[in-house]
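> Here is what each chain is made of, one letter per residue.
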Amino acid sequence: MTAAVTTASATTARGAGKPSRRRTAIWLGLTPFAIYVILFLAIPAVLAVGSGFFTSTGSFTFANFSALADPGVQGDYLGTVALSAFTAVVGAIFGALICLALLATNPTGGLRTAIDSASSVLAQFGGVMLAFAFIATVGANGIITQFLVHAGLTSNVFSSFNHNGALLYQVAGLSLPYLYFQVPLMVLTFMPAMEGLKATWGEANATLGGTRFTYWTRIGFPILAPAFFGSVILLFANSFSSYATAAALISQGGLISLDIRGFINSETVVGHQNAAGVLALAMVVTMIVVMYLYSLLERRASRWRR
Amino acid sequence: MSGPRFGAVPSKTTRNLILIVAGIFTIVPILAMVQFTFQIGQPVDNVQPYGVAHYIDLFNPANESTYDPLFQGVQNSLVIALFTVLIVLVLLLPTMILIELKFPRMRKVLEFICLIPLTIPTVVLVVGFIPAYQTVAQIFGATPYTLAFAIGVICLPYAFRPIATNLAAVEVTTLSEAARSLGASWFEVMWRVILPNLRRGILSAVLLTVAVVLGEYTIAAFLSQTTFQTALLLIQQTDPYAGVIFSVFALVFVFILLVVIGRFGTFRVRGSRPSRRKRTIS
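Here the protein sequences line up with chains A and B, keeping their order.
Following the numbering used here, the numbering of the first sequence begins with 1 at its first residue and continues without gaps.
Following the numbering used here, the numbering of the second sequence begins with 307 at its first residue and continues without gaps.
Rather than coming from a laboratory, the hints here were simulated on the basis of the structure.
A few of these clues could be false.
[Claimed, not checked] Using 25 Å as the maximum straight-line C-alpha spacing, the simulated SDA-like pairs for lysine to any residue come out as follows:
1. B:K318 - A:V289
2. B:K408 - B:E494
3. B:K414 - A:E203
4. A:K198 - B:L325
Nothing here was measured: the structure is a model prediction, and the numbers come from that model.
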């Protein structure tokens with residue numbers, strides 16, 4: 001079929017006369033987009049990770065990599081990984097539970113549609129506005145914080161965490177707003193796998209004398225596992241690469257993305273802009289490893305989705 | 307009793323319990339934000355007075371200088387949204403149609419390119435945008451509107467998905483060959499056959515692009531331009547209420563945008579693309 005189409009279109013092209021020139025004209029049609037992508041995606045990406053290898057005057061160096069030896073930067077990198085891992089795992093568990101509950105709803109009903117739309121909105125709801133919502137909720141004067149204060153807990157978990165002021169303005173506190181977009185993202189990514197569980201498998205389990213417990217341990221969990229861990233990785237990547245929410249809540253350091261901001265805005269030390277390139281490279285390398293793992297798991301997960 | 311259950315489907319009670327808890331966690335931060343905009347002054351005897359004063363303040367000419375960055379930011383963001391939509395319609399859309407019609411084997415390459423911005427964090431791209439925009443500023447001047455080029459890249463995955471889903475569902479090649487054999491010019495094929503069939507995908511792509519532009523903070527912040535999001539953060543220091551009021555409005559606006567997309571039914575963020583292979587085999 002594919003071959004037939006190719007021959008057919010080839011004949012049409014030849015029928016129209018000079019095939020080579022037509023072909024060139026069509027290729028030319030791809031150039032505007034190609035130029036755009038090269039100018040605004042390829043070049044910036046190369047500049048970003050490449051700038052780490054140069055000094056501010058433009059000569060090649062590995063000296064910027066000393067930024068990675070800085071204990072503060074190392075701590076922030078680990079902090080970013082810890083925050084991303086925590087919100088990915090917790091978000092995945094809560095999201096999977098919601099997917100489970102959605103199995104008991106009518107796929108075309110109003111409730112399901114509403115939850116689907118809400119998930120797609122909230123999965124995108126990062127940044128300054130999300131920060132505002134959480135400042136109003138669990139910030140120093142947020143309603144929940146104040147409610148707890150009025151209930152007699154003057155020093156509750158939100159108003160004072162780790163003897164370091166309000167929880168929300170610390171890296172650990174970022175997990176609250178992050179979960180607010182991680183859980184809906186999990187619902188969006190994990191629902192297809194959940195819907196792939198066939199009713200006949202449950203019946204087979206029952207006729208063979210299995211209980212609901214054996215259904216989950218022998219059928220449900222093993223089949224869902226690759227998709228689940230794949231989604232965990234996707235959530236990790238999502239949290240690892242997010243910046244705006246953290247930038248709105250934390251003024252300095254704490255996360256690797258905030259260190260990039262610190263290096264770029266630094267006016268005291270010359271060449272710090274190039275150190276930002278090293279951190280950018282570290283982030284890209286992490287993301288590539290993470291996405292590679294994702295593609296491996298995704299390949300395994302898709303086996304059951306046909 | 308609803309009869310014996312064999313598979314994964316939970317009971318009604320479990321379902322309701324999970325959904326109610328999830329609903330509470332979802333709604334509380336939004337309600338907290340809304341109630342904050344109605345707060346007036348400090349609590350008196352532990353009772354918080356409420357009113358619409360902060361909403362009225364927005365329209366008070368005396369506050370104009372305070373809110374100026376915010377209105378400027380909204381205006382800039384809307385113009386950037388317009389330019390970004392143009393980038394999607396003029397650069398991405400024709401390329402996708404051309405590849406579908408003439409270079410089907412390049413489909414994977416295009417998909418790969420369009421999904422790259424999901425893999426490279428925006429903060430990383432920004433490190434490269436800063437030197438790149440020194441050149442851009444020399445050509446176009448230092449206006450905030452040039453941000454559309456950079457934000458367009460961030461929008462690629464979101465614009466690509468719905469159009470690709472739509473393209474996969476419509477037999478564009480067959481349709482265009484039919485139209486051509488009936489004597490239509492390429493312009494007519496595009497305008498009267500292909501584009502009407504892609505209406506839903508294009509609409510979703512445009513609305514998602516607008517939503518992404520209005521929510522974009524990172525690029526504007528690093529390139530020191532005033533957009534809606536950077537202005538929100540700026541104004542929070544002088545008048546926190548105005549920032550939150552605008553956030554609530556923006557959230558409602560984006561929610562409506564996405565509900566409209568949901569109505570058209572072609573929007574799936576990371577959903578699987580309907581397989582084309584199946585149809586080819588049969």
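> Run every hint past the structure and note whether it holds.
These are the hints, each one checked on the structure:
1. B:K318 - A:V289: With Cα atoms ~41 Å apart, B:K318 and A:V289 exceed 25 Å; violated.
2. B:K408 - B:E494: Status holds; Cα separation ~17 Å.
3. B:K414 - A:E203: violated (39 Å)
4. A:K198 - B:L325: This hinted pair holds, its Cα atoms lying about 23 Å apart.
Violated hints for the displayed structure, listed by number in ascending order: 1, 3.
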